[in-house]
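Asks: Here's the letter readout for the chains.
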Amino acid sequence: KAGVTQTPRYLIKTRGQQVTLSCSPISGHRSVSWYQQTPGQGLQFLFEYFSETQRNKGNFPGRFSGRQFSNSRSEMNVSTLELGDSALYLCASSIPGSDTQYFGPGTRLTVL
Amino acid sequence: QQQVKQSPQSLIVQKGGISIINCAYENTAFDYFPWYQQFPGKGPALLIAIRPDVSEKKEGRFTISFNKSAKQFSLHIMDSQPGDSATYFCAARRSNTGKLIFGQGTTLQVKP
Numbered sequence: 001k002a003g004v005t006q007t008p009r010y011l012i013k014t015r016g017q018q019v020t021l022s023c024s025p026i027s028g029h030r031s032v033s034w035y036q037q038t039p040g041q042g043l044q045f046l047f048e049y050f051s052e053t054q055r056n057k058g059n060f061p062g063r064f065s066g067r068q069f070s071n072s073r074s075e076m077n078v079s080t081l082e083l084g085d086s087a088l089y090l091c092a093s094s095i096p097g098s099d100t101q102y103f104g105p106g107t108r109l110t111v112l
Numbered sequence: 113q114q115q116v117k118q119s120p121q122s123l124i125v126q127k128g129g130i131s132i133i134n135c136a137y138e139n140t141a142f143d144y145f146p147w148y149q150q151f152p153g154k155g156p157a158l159l160i161a162i163r164p165d166v167s168e169k170k171e172g173r174f175t176i177s178f179n180k181s182a183k184q185f186s187l188h189i190m191d192s193q194p195g196d197s198a199t200y201f202c203a204a205r206r207s208n209t210g211k212l213i214f215g216q217g218t219t220l221q222v223k224p
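In the order they appear, the protein sequences are chains A and B.
Per the numbering used here, the very first residue in the first sequence carries number 1; after that it's consecutive.
Per the numbering used here, the very first residue in the second sequence carries number 113; after that it's consecutive.
Misleading hints may appear alongside valid ones.
[What the hints assert, rightly or not] With a straight-line cut-off of 27 Å between C-alpha atoms, the simulated DSS-like cross-links for lysine-lysine are: (1) A:13 with A:57; (2) A:57 with B:183; (3) A:13 with B:154; (4) B:127 with B:154.
[Said to hold, decoys possible] What follows is a set of in silico ranges between Cβ atoms, one per label pair, in the way DEER data are often shown: (5) B:153 with A:73: 35 to 45 Å; (6) B:219 with A:2: 28 to 38 Å; (7) B:173 with A:12: 32 to 42 Å; (8) A:14 with B:181: 49 to 59 Å.
These aren't lab readings, by the way, just hints derived from the structure by calculation.
As the structure is a computational prediction, the values presented were derived from the model and not from experiment.
All C-beta atoms, glycine included, are put in the ideal place defined by N, C-alpha and C.
In isolation and in its complexed conformation, chain A is listed as follows:
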């Protein structure tokens, strides 16, 4: 079974731009969560989607948004990029009712 895939793997943007990251969960997984990983703040929860609905949201500004499609694929969008948004963005998927979250390799975003 293929794992969680994230595209693109690397991205360079400049301040003020916006970016969209994509996540394809493991087949059959309907829950998708997003995390931001930085050296200073560690791994921080962004949001969780299930059946196209946002179920939980972390403490991030409204510039961070996401959505989930009917095939469980998810996207997250960051608008008006700031230097501090440079991070590894990780997506994790899980089966409803299961504890285990499977992480993708992440998208490395660099904001210049």
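Assemble chain B onto chain A, guided by the hints.
Replies: Frame of chain A, contents of chain B only:
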């Protein structure tokens, strides 16, 4: 109340030794405590997990010890190997959410 505190920040162990990483939490609503292993350039991978109704869980060389009254849990890696060199994260999750709260991580180096 949402924090998970992890120590030490870094750890150097000789091959064959025991690696011990500790975590503490405050929120008694947490009901699932996983440990993740992350290699450079990769997403976190689930290593082992425990629920608070169990005091210890062992999988191969990896053991979680859980102390509910002290609100602490720890990861023990027996017979540590150079291939175990990675960053380890503890995490906690409230019931019925997909939101994982991560510790700050421990960088483990196992010397041959």
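Asks: Work down the list of hints and note, for each, if the structure agrees.
Replies: How the hints compare with the structure:
For the hint pairing residue 13 (chain A) with residue 57 (chain A), the CA-to-CA distance comes to about 25 Å; that is within 27 Å, so the pair holds. With a C-alpha separation of about 25 Å, the suggested pairing of residue 57 (chain A) with residue 183 (chain B) holds against the 27 Å cut-off. Simply put, residue 13 (chain A) and residue 154 (chain B) have alpha-carbon atoms about 22 Å apart, close enough for the 27 Å limit, and the pair holds. Restraint check for residue 127 (chain B) and residue 154 (chain B): the C-alpha separation of about 23 Å stays at or below 27 Å, so the hint holds.
In this structure the supplied range 35 to 45 Å is violated for residue 153 (chain B) paired with residue 73 (chain A), their Cβ-Cβ distance being about 23 Å. Take residue 219 (chain B) and residue 2 (chain A): their Cβ atoms lie about 29 Å apart, and the range 28 to 38 Å holds. Residue 173 (chain B) and residue 12 (chain A) have their C-beta atoms about 40 Å apart, which keeps the hinted 32 to 42 Å range intact. With their beta carbons about 52 Å apart, residue 14 (chain A) and residue 181 (chain B) fall inside the hinted range of 49 to 59 Å.
When the structure is compared with the earlier hints, a violation turns up for hint 5 alone.
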